[in-house]
Amino acid sequence: MLRKGLAIAALGLALMGGPALAAGTQEEPRTVAWSFNGPFGKFDRAQLQRGFKVYREVCAACHSMNLMSFRNLGQAGGAFHDPKYPNPNDNPYVKTIAKDFETSEIDQETGDIVKRPATPADRFPNPYPNEAAARAGNGGALPPDFSTLSKARAGGADYIYSLLSGYSAPPAGLEVPSGQYYNPYMLGDVSAFWKGKGHAPPGGFIAMPPPLAADKVTFDDDTKSTIDQQARDVAAFLTWASEPKMEERKAFGVGAMIYLLILAGLLYMSYKRIWRNVAH
Amino acid sequence: MSGHSNYVPKTGFERWLDTRLPIARLAYDSLVDFPTPKNLNYWYTFGGILALCLGIQLVSGIVLAMHYVPHVDHAFASVERIMRDVNYGWLVRYMHANGASMFFIAVYAHMFRGLYYGSYKAPRELLWILGCVIYLLMMATAFMGYVLPWGQMSFHGAVVITNLFGALPLVGQSITTWLWGGFAVDNSTLNRFFSLHYLMPFMIAGVVILHIWALHVTGNNNPTGVQVKSKADTVPFHPYYTVKDGFAISVFMLMFAAFVFFTPNALGHPDNYVPANPLVTPAHIVPEWYFLPFYAILRAVPDKLMGVLLMFGAIAVLFVLPWLDTSRVRSMRYRPTTRMYFFIFVVACLVLGFCGGRLPDEYVIPGLKTFQLLDADLNSMVWLSRFAAAYYFGYFLIILPVMGLTENPLSQPKSISEPVFSHSAALPVGAAASPEKRG
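In order, the protein sequence lines correspond to chains A and B.
With numbering that gives the first Met the number 0 applied, the first sequence covers 0 to 279.
With numbering that gives the first Met the number 0 applied, the second sequence covers 0 to 438.
Since the hints were derived computationally from the structure, they do not count as laboratory data.
Incorrect hints may have been included.
Unchecked claim - According to the in silico footprint, chain A covers these stretches of chain B (three or more CB under 8 Å from chain A):
1) 75-89
2) 193-206
3) 258-266
What you are looking at is a predicted structure, and each value in this text was computed from that prediction instead of being measured.
For every residue, glycine included, the Cβ atom is placed at its ideal position computed from N, Cα and C.
So that you can see chain A by itself, here it is in the shape it has in the complex (with noise of 0.2 Å):
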């Protein structure tokens, strides 16, 4: 047995041409009865300005949302769409956010980089100037970019909220290595750490320590600000952001449904029609 595994295992990494790692345990994750959930979901506008502002003011630090423009907020569907402005870079929300970021920019008189406030043309600013900066900061591990996050781990909004909301104290018996963190909804193998009984727990180690607490955000709408509701808040508004057209993309589709029913009943009965008198 042990033979043969490791014989396909080899051929396994034969074929991939490079290392392969067995697939890890983890804990499925909690769903949430997001507003966002099925054909005629939405965002909620609130949720996006309160996980935005989660956002801001924890995950920035650290993570980049490089394909993330200032606009994208006021755009339709955005966090802080205003109707009165469709052109999203007019909306003042949108520009007073992006007032409070630096950008750098070439001066074309001295060539030197020299630093301005960010317009809502600007992207979001990488928190690292370059990879290794950033893995230099995080004892080695590489903070993810948002921009897709939600779209990019297996469960979405569900997964990313779990994880936030889901770190617990490891179980006894499991060393946890320096700079690391047990997490039951991280993808992981831990049972090389595992000196208690029976099976290693699931989940996995993550170099990020727990990013929430309560009260670290403080909330404009009077939301209590617990790590439950930052984690739900933020997972929102990273959905969005990897999704910002789906609301029109759902509008789109149930006019597109009804459409095609109907012409599908239609050819159904001028099909009737002209079959009517063909025996088949």
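With chain A fixed as given, assemble chain B onto it according to the hints.
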């Protein structure tokens, strides 16, 4: 295209055109007047559905190519830009990505239909082989298309698949270097894959024209497998089959739209939304669902070269199928024993697809250790895929050749019209046979 044409040019311009380039006659003979067996069921609508799929992929792909940047530094971001900043870019891109899956759903239905009703038998061997060529081109196109977003699965999938050619003796290494355009999967690989991904659909369109030409020479097969005997057996393609195909297409589009609008990433892999990183290998590299049966065959063999040969053999065997099936009865309707083997074959294909998505040493039934044979655990995905792969080849290489010689087929109807005489509409008006069954 074959035989008598009923086209009558009506206007002066049509007459003028008809004596110079009879293109209107061609269209009339192949799409309007074409005599089609009147007993085709819904399994025969997938040809029309596939034509639509090809059209959707071509149009959406041409639009995507206007915005896509085939460079390792920009490919991922350019795809996301299409999703975020291009007007209705999300629609075009999701249609194209899900369209590939829909294309394969339809092509598999089309192929199983051909297998069941014996559509590959004389005189339709070339029609079938042209279809196999289209299928091969589709697989190459889909594989290269999946590489273009340059996500983690794109990159590592490309590494795995191109490395397969390295297993070939003597020439293997040279072929992989040639495919890569270098010594690793890199920018030159992405560039040539983009070029070929744009080229191949037009090759498919060309072979589709040959496929339809061959179809119009031999005429459609039909669920009875009996050749058309007289005009009573057929109806003109238009309006009878344009409306039936139209209805089937609209139902297919409902399923297509449900994926595109409500769960556009369900058929993809989350890892492909992580930008490609050659230094980080995903925990579990899997191809798209439509390649999983072949992936399972590949991994079922411990020897890499044999695995590669068997995987390509699984497709190659389709090309010689017309000469492997020794039975002269086309439709499985009249081959009850072989029909049973056919259904097991369908199950074997599904089992292979299931195994292809799992790790080889995973248990089929978790925790069960009683199927230990020497050092082999028969209760593992790799053994399940071995059994299924053995059946896959056994069906083509043993069952079909032997059954044709040994089975006792049921008696076939003399003509297509014969078995439908019991249909209520065939009776004279007023002869109310089983009136309770009439709509």
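ask   = If you check each hint against the structure, which ones fail?
value = Violated hint: only 2; rest satisfied.
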